[in-house]
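Those protein sequences? They're chains A and B, same order as listed. Counting from 10, one number per residue, gives the positions in the first sequence under my numbering. Counting from 3, one number per residue, gives the positions in the second sequence under my numbering.
FYI, nobody ran anything at the bench for these hints, they're computed from the structure. A couple of the hints might just be wrong.
Stated by the list, open to error - Listed next, the in silico DSSO-like pairs over lysine-lysine satisfying Cα-Cα at most 30 Å (straight line):
#, chain 1, residue 1, chain 2, residue 2
1, A, Lys452, A, Lys133
2, A, Lys528, B, Lys106
3, A, Lys528, A, Lys490
4, A, Lys452, B, Lys106
5, A, Lys382, A, Lys315
6, A, Lys452, A, Lys528
7, A, Lys511, B, Lys128
8, A, Lys353, A, Lys433
9, A, Lys103, A, Lys580
10, B, Lys128, A, Lys153
11, A, Lys452, A, Lys511
12, A, Lys433, A, Lys133
13, A, Lys375, A, Lys353
14, A, Lys133, B, Lys106
15, A, Lys312, A, Lys375
16, A, Lys96, A, Lys580
17, A, Lys96, A, Lys433
18, A, Lys103, B, Lys128
19, A, Lys226, B, Lys106
20, A, Lys433, A, Lys91
21, A, Lys511, A, Lys580
22, B, Lys128, A, Lys580
23, B, Lys106, A, Lys433
24, A, Lys91, B, Lys128
25, A, Lys91, A, Lys573
26, A, Lys315, B, Lys128
27, B, Lys106, A, Lys490
28, A, Lys153, A, Lys52
29, A, Lys148, A, Lys226
30, A, Lys573, B, Lys128
31, A, Lys490, A, Lys382
32, B, Lys128, A, Lys96
33, B, Lys128, A, Lys98
34, B, Lys106, A, Lys148
35, A, Lys103, A, Lys148
36, A, Lys133, A, Lys148
37, B, Lys106, A, Lys312
38, A, Lys148, A, Lys452
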Amino acid sequence: MKKTIYQLVLFSVLCCFFSTPYAFSAEVYYFGNGGGEKSEQNKSYPLSQRFKDLMDLSSDRPMSERSGRISGSVLTQAEYDKVSGNKSKSFLDKGWDYLTEMDLNMQEKLWSDYNMEGQLMMRKTDNPRIEPRRDVRIKEYSLKVSNPDNLFLAGDFYGELSPLTMGSSLEGLTAEVKPNETLAMKYIAARQDGPDEAASTFQRNVFGTKFDTFWFKDSETVSNSRLGFQAVTVQDDSSDPDRTSSFTDLRNSVLSVDGDLAFVRYFSLNYELARSMYLADEDSATVKDQSYGNALRVTPQLKFGKTTVRHLYGYTQPQFYADVGSASPDKVQHQTTVDHRFSKRASVSLLHNYYWDHLTGSSRTKRTINDEKSVTMNFLPLASRETFRVRLNTGYNLRNSDDVANTLESSTFTSGFGLYDRFKETDVGFSYQYRAFSNRHDKSASDYFNRLGMTFAREYYVVARRLYLSLNPGMDFRRIKTDDNYDVNASLGFSGQYDISKNFLTRFGHNLMDSNNAKANADYTNNRSFMELDWTLGKDRDRHIVLRGDINRYMHEDGTLNYKEHQLILKCVINF
Amino acid sequence: MKKISWPGCLVLCSVLLASCASGRSVPAAQQGPSLNKRALAQQLVQRDWDLFAGFQRQDFSDRVSDEFMPDKYAFLNETEASFHSATPLNFSFTIDKALMQGQKLAVTFSWQKKAASRSTGSLILKEGRCTTVYQNQNGQWLIYKIQGNSIFTF
Chain A
10 MKKTIYQLVL FSVLCCFFST PYAFSAEVYY FGNGGGEKSE QNKSYPLSQR FKDLMDLSSD
70 RPMSERSGRI SGSVLTQAEY DKVSGNKSKS FLDKGWDYLT EMDLNMQEKL WSDYNMEGQL
130 MMRKTDNPRI EPRRDVRIKE YSLKVSNPDN LFLAGDFYGE LSPLTMGSSL EGLTAEVKPN
190 ETLAMKYIAA RQDGPDEAAS TFQRNVFGTK FDTFWFKDSE TVSNSRLGFQ AVTVQDDSSD
250 PDRTSSFTDL RNSVLSVDGD LAFVRYFSLN YELARSMYLA DEDSATVKDQ SYGNALRVTP
310 QLKFGKTTVR HLYGYTQPQF YADVGSASPD KVQHQTTVDH RFSKRASVSL LHNYYWDHLT
370 GSSRTKRTIN DEKSVTMNFL PLASRETFRV RLNTGYNLRN SDDVANTLES STFTSGFGLY
430 DRFKETDVGF SYQYRAFSNR HDKSASDYFN RLGMTFAREY YVVARRLYLS LNPGMDFRRI
490 KTDDNYDVNA SLGFSGQYDI SKNFLTRFGH NLMDSNNAKA NADYTNNRSF MELDWTLGKD
550 RDRHIVLRGD INRYMHEDGT LNYKEHQLIL KCVINF
Chain B
3 MKKISWPGCL VLCSVLLASC ASGRSVPAAQ QGPSLNKRAL AQQLVQRDWD LFAGFQRQDF
63 SDRVSDEFMP DKYAFLNETE ASFHSATPLN FSFTIDKALM QGQKLAVTFS WQKKAASRST
123 GSLILKEGRC TTVYQNQNGQ WLIYKIQGNS IFTF
C-alpha cells in the first residue's frame, strides 16, 4: 500500500513537471547576445520527433523544419613519403602514415529561444608531425546553450574580455549574460590551451569576469557609449604534475577599466587603463618579487567629410604583465594615421608611428627610439578604364638611440609601386619594390633589395570545361654594403585547376626558386610540384576522394645539402 | 503471467503523453548560419603563408587588422625583416582547433616550414605551434593577433 502511494505521488509529480515544459522560468528575456538579434521562440517537439530528427542524417531539411540535427565529417588519409639525399633537411620519414579524423556537430532546439550546439573533433594518427601520441586524441570539444542574449559554454572557446586583460584560447567554462539593455556580464573559469604533450609547465588556470554598462541608449548625439570593468587572474596549478618538478609557478592578476564613446558625427574614442600584479614563481616568492605595473591605451578618432584621423596613445610600464592579454611592456607609443579620399579614383593614407622604450624600471640598459613614416596612394587614373589600378607606397623607419653603443640603431627605406589591370579576361599585375636597410652598428648587415613581380591569371574553357591558370614570375636583386656583387633570386610560380567534369577536377602547380648568390658556395635551386585529383561522389556530393602527389627537390651548390622528397596522399572525406 | 507494475506504466505513459503535449504555439527559432570553421581556418592560414612567401608590404598589410594587438606596424616591420633575412620555401600545417567567438576566429595549428638563408643559401628548418586570431571586418577575415610560434619569423 505504501509502495503504491509512493508511486502515485511520483506519477503526479512527473505529470506536473512534464505538463509544463517551459517551467524553467516565468520570465522571458528578449535581449541580444551582443548583436541585438531578435529572439524567436522554439516550437515544442515530442521526444520521438527529436530522436527522429537527430538520426535523420541524410535529409536536406533545414534547421527551421526540424528540432535538431547531427552533422559532421569523417576523414581518412594514407600518406606515403620517400626521402633521398640529405634526410636531415627534411621533416619527412620514409614510409606510410595514417590519419583519421572525425568531426561531429549537434544542434538541438531547447526551451523558449534557447538552442544547444555541441561539437567534438577527434583524431588518431601515427604521423609524428601531426601528433606526438598515437592514441585517439580529442582535439576540440564544446557544448553551448545560448539564446540571442545569453550564452553558457563548456569546453574549448576563445576567451576575450579586453585587449589588455584577456584574449586567449581556453578550455573550461564561460557564461555571458545580458539581463537588460544596459548591462552585460561575462564569467570565465578555464585553463589555458596548450599542446597535448606537457612541456615543462604546470596547468595554467585562468579566471576572469567582466561587467559592461551601456549609456545614452536613446540619445540622438551618442551612437555608442560603454563602460567596462574586468578582472583576470592567472595561476599555475602547482599540484601537477609532481611536487618535485622545477617548473616555475606563475601568478598574474590584471584589473582594467575600458570603454567606448562614439558620437553620431565626427568623434569616437576607445580607451583602456589596466594594472597588473605579476609573480614569476610563487614557490620562491618573497614580497619584493611581486611586480606591479600600469598600462594605458587611448584611441581617439575623428571623421569629417572624406578624412579620417586616428591616433593611438599607448603607455605600458616595464613591470606590466598580462599573461593572457596583449601588451608590449616598456613602451610609450604615439601612432597617427590619416586616410583621405580625394574622389572615388584617388585616396591617400599617411602614417606616423613613434615609440620608445627604456622607461623607469626598465631592464634595458639603452633606450631605442623608433620613428616610422609612410605614405600609400591608390589611384584609378583612367576614367575610360576602371579596371586599371595604381598603388604607390613609400616608407622610412628610423631606429635611433641617444647611446652610440646601442647596436639596434638602423634605418629602413622602402618605396615601390604596383599596377593592376584586366585585359581580355586576364588579370595582370606588375610590382616593384626597393628596400634599403642600413645597420648603423654593423655595416656588413646592411642590405639593399630590388624586387620585381608579375601576376597573370585567366579562366579558359577547354572542351567546354573550366580551366583556371595563374602564373607568378618574380626576381629580386640583393646587395650587401660590403660587396658590390648582387645575389639574384628568380622565382616562378604556376598553378591551375581544370574541371574535367561536374564531379571530377584536377589541381596542379609548380614553384621554382633559383638563387645565384654573390657569396661562394651558396647557390641553390628549389623545385616544388604537385598534382591533385578530386572526385566528388554521392547524389548529395557529400563524399570526396582526393589523390595528391608532391615532389620537392632542393639542390645546393654544396652537393651534400641536396635532398628530394616524394609524397603520395590518398584522402577520403565523408560529410553527413 | 508476470505481474505488471501499474504505477510504473502510468509514469511511462505520462512521460509519453506529456512529451506529445504541445506547449505554446510559437514560430520556429531562427536557424543560425552554418559555417565550416575548419575549412575557413585552412584557407586563411594558407592564404597568409602565400602572402608572406611573395611578400609585398601593402598586400600583406591589407590582410592585417588596423586593431592588431599590440602594434600592427611593429608586426609588419618584423615580418618584413624576417622575409628579407631568409627566402620562404616550404610550409605545411595541421589545424588543431578553430574556435569562433563573435566576430573572432582563433585558429591553433602546428606547423613545419623551411626557408633558405639569403646569406648562405643553407636551409633553415623550423616547427612550432601557433594561435592566430582573425577578426571579421566587413566580411573579410583579417589577422588580429598571433600567439605562440609565429610562422612569419625565422
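Evaluated hints:
1. A:Lys452 - A:Lys133: Roughly 51 Å between the alpha carbons, so the hint for Lys452 (chain A) and Lys133 (chain A) is violated.
2. A:Lys528 - B:Lys106: Distance of about 46 Å is beyond 30 Å: violated.
3. A:Lys528 - A:Lys490: Within the cut-off at roughly 13 Å; holds.
4. A:Lys452 - B:Lys106: violated, 43 Å
5. A:Lys382 - A:Lys315: With Cα atoms ~22 Å apart, Lys382 (chain A) and Lys315 (chain A) stay inside 30 Å; holds.
6. A:Lys452 - A:Lys528: holds, 17 Å
7. A:Lys511 - B:Lys128: violated, 40 Å
8. A:Lys353 - A:Lys433: Distance of about 24 Å is within 30 Å: holds.
9. A:Lys103 - A:Lys580: Given pair Lys103 (chain A), Lys580 (chain A) holds - Cα atoms ~19 Å apart, limit 30 Å.
10. B:Lys128 - A:Lys153: Not satisfied, since the Cα-Cα distance of roughly 37 Å exceeds 30 Å.
11. A:Lys452 - A:Lys511: violated, 59 Å
12. A:Lys433 - A:Lys133: violated, 49 Å
13. A:Lys375 - A:Lys353: violated, 47 Å
14. A:Lys133 - B:Lys106: holds, 28 Å
15. A:Lys312 - A:Lys375: violated, 39 Å
16. A:Lys96 - A:Lys580: holds, 26 Å
17. A:Lys96 - A:Lys433: violated, 47 Å
18. A:Lys103 - B:Lys128: holds, 20 Å
19. A:Lys226 - B:Lys106: With a Cα-Cα distance of about 25 Å, the restraint between Lys226 (chain A) and Lys106 (chain B) holds, given a limit of 30 Å.
20. A:Lys433 - A:Lys91: With a Cα-Cα distance of about 43 Å, the restraint between Lys433 (chain A) and Lys91 (chain A) is violated, given a limit of 30 Å.
21. A:Lys511 - A:Lys580: At roughly 19 Å apart (the allowed maximum being 30 Å), Lys580 (chain A) and Lys511 (chain A) satisfy the hint.
22. B:Lys128 - A:Lys580: Judged against 30 Å, a Cα distance of about 26 Å means the pair holds.
23. B:Lys106 - A:Lys433: violated, 39 Å
24. A:Lys91 - B:Lys128: holds, 20 Å
25. A:Lys91 - A:Lys573: holds, 8 Å
26. A:Lys315 - B:Lys128: With a Cα-Cα distance of about 46 Å, the restraint between Lys315 (chain A) and Lys128 (chain B) is violated, given a limit of 30 Å.
27. B:Lys106 - A:Lys490: violated, 44 Å
28. A:Lys153 - A:Lys52: holds, 19 Å
29. A:Lys148 - A:Lys226: violated, 42 Å
30. A:Lys573 - B:Lys128: Between Lys573 (chain A) and Lys128 (chain B) the Cα gap is close to 18 Å, so the pair holds against 30 Å.
31. A:Lys490 - A:Lys382: holds, 24 Å
32. B:Lys128 - A:Lys96: Measuring from Cα to Cα gives roughly 15 Å; hence the hint holds.
33. B:Lys128 - A:Lys98: Answer holds: Lys128 (chain B) to Lys98 (chain A) is near 11 Å, not above 30 Å.
34. B:Lys106 - A:Lys148: holds, 19 Å
35. A:Lys103 - A:Lys148: Distance of about 27 Å is within 30 Å: holds.
36. A:Lys133 - A:Lys148: Roughly 10 Å separates the two Cα atoms, so the pair holds.
37. B:Lys106 - A:Lys312: This hinted pair holds, its Cα atoms lying about 26 Å apart.
38. A:Lys148 - A:Lys452: Since the Cα atoms of Lys148 (chain A) and Lys452 (chain A) sit roughly 48 Å apart, the hinted pair is violated (cutoff 30 Å).
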